[in-house]
Amino acid sequence: MMRLIAENLGGERGGEAVFSGIGFALDKGEALIVTGPNGSGKSTLLRVVAGLLPVTAGKVLVEGGGEAFPTVASASHYLGHLNAMKTALSVEENLGFWRAFQGEPALSVEEALETVALGGLGHLPFGYLSTGQRRRVSIAKLLVSHRPLWLLDEPTAGLDKASEERFAGLMRGHLEGGGIVVAATHLPLGLEGAKELRMGQVL
Amino acid sequence: MWALLLRDIRLSIRAGGGALVGVIFFLAVIVTIPFGVGPDLNLLSRIGPAILWIAALLACLLGLDRLFQADREDGSLDLLVLNGDRHTLALTVLTKCLAHWAGSVLPLVVAAPLLGLFMNMEPLGIGATALTLLIGTPAITFIGAAGAAVAVALPRGGLLISVLVLPLTIPVLIFGVSASYGAVADPAPFLQPFLILAALTLFLAVVGPLAAALALRHGTD
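Protein sequence lines correspond, in order, to chains A and B.
Quick note: the first sequence uses this note's numbering, first residue 190, plus one each step.
Quick note: the second sequence uses this note's numbering, first residue 55, plus one each step.
One or more of the hints may lead you astray.
Said to hold, decoys possible - On the chain A side, residues computed to face chain B include the following (Cβ under 7 Å):
hint	residue
1	L241
2	T245
3	L271
4	Y317
These are computed hints drawn from the structure, not numbers from a lab.
Cβ coordinates follow ideal geometry from the N, Cα and C atoms, glycine included.
Please model the complete structure; the sequences and the hints are all you need to start from.
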């Protein structure tokens, strides 16, 4: 039984407190949508949860991750603003690298590309793709290796309507498979029954 | 880890050839020396190993600023750090160092014997210098990784890395050059400084990546 728990969490950027007193608990199959105006600390919250920024107050942990996923970092896929792909390498090489490096392989590179409707484009250098296509490759990166916890920062930025819907389907599939999603966004993601956390109201 | 090694070597070959730039810089420095010190062949052959070492050291520093910065700019660094529990981050750094060395520094070692001819060095001296470069240059990369990790967030960190790293590489330079001299000058020993050089490389292979990993873990923002 996997659980993500944050208690009284505080985070800062450049020495300035951005938020404090954030708490939530997510069971498997649950999603949390983090909303709020620009600068309210959505990205910072995701980076603090992932462990990429230090926790200044409170704590965040996963329970029941077992041997494969003992910590939040090891259980997480982090999809940030940047796509983490090399423009000089082909799409297949990029995804193949992350699949091998991240371990816990799930879908093959071809299957993942088919899933984001980029089948047959694997041989192209990543630098040749459009903004939306790049984002879709980055989403395919979530599928090539298994992680129960998806931390998504503006995941649908640059996606067209059809891709947004496809991505909503992917997230629902992930939740039905016992995963957890934490997404920071301005746009509706099409997840029914997701919990919502509004940032920038209490400080 | 193999995947990371292969990816980085592939990038160093493909992305506009950082390796070639280093070799050309190495060549340019070596070719300038005879114009500066004059056409005294004896003098040139005497200072040859030292000049080759200094030029190789400077050429090593050239590409170091891109070691982590390229990964930081496209977001890969976040994921490398995030996977630090699965693969120890220091090992990830060590792998990146080895790939950087194979892609950018090894070509310098290969070019060194040819450039030794410019310095009127005898075959034994050329061989010894190339061997000490082969053993000693990884140490420079390992120290450089720590400098590159500290300066990763700075937009023009290249110069800062050189200033940070150069003083720390002096022991490597001293033992590298003295081993090269030991092979040709009779009373001077070869084996002792050579073994110390090897020990330095092994020591820095542990300390450098550990320091770099520490800096990277605390440097994400």
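Now for the hints, and whether the structure bears them out:
1. L241: holds (5 Å)
2. T245: violated (14 Å)
3. L271: The hint holds - A:L271 has a Cβ within 7 Å of chain B, the shortest such distance being about 3 Å.
4. Y317: It is violated, given that the least Cβ distance between A:Y317 and chain B is near 14 Å, above 7 Å.
Hints 2, 4, counting from the list given before, are not met by this structure.
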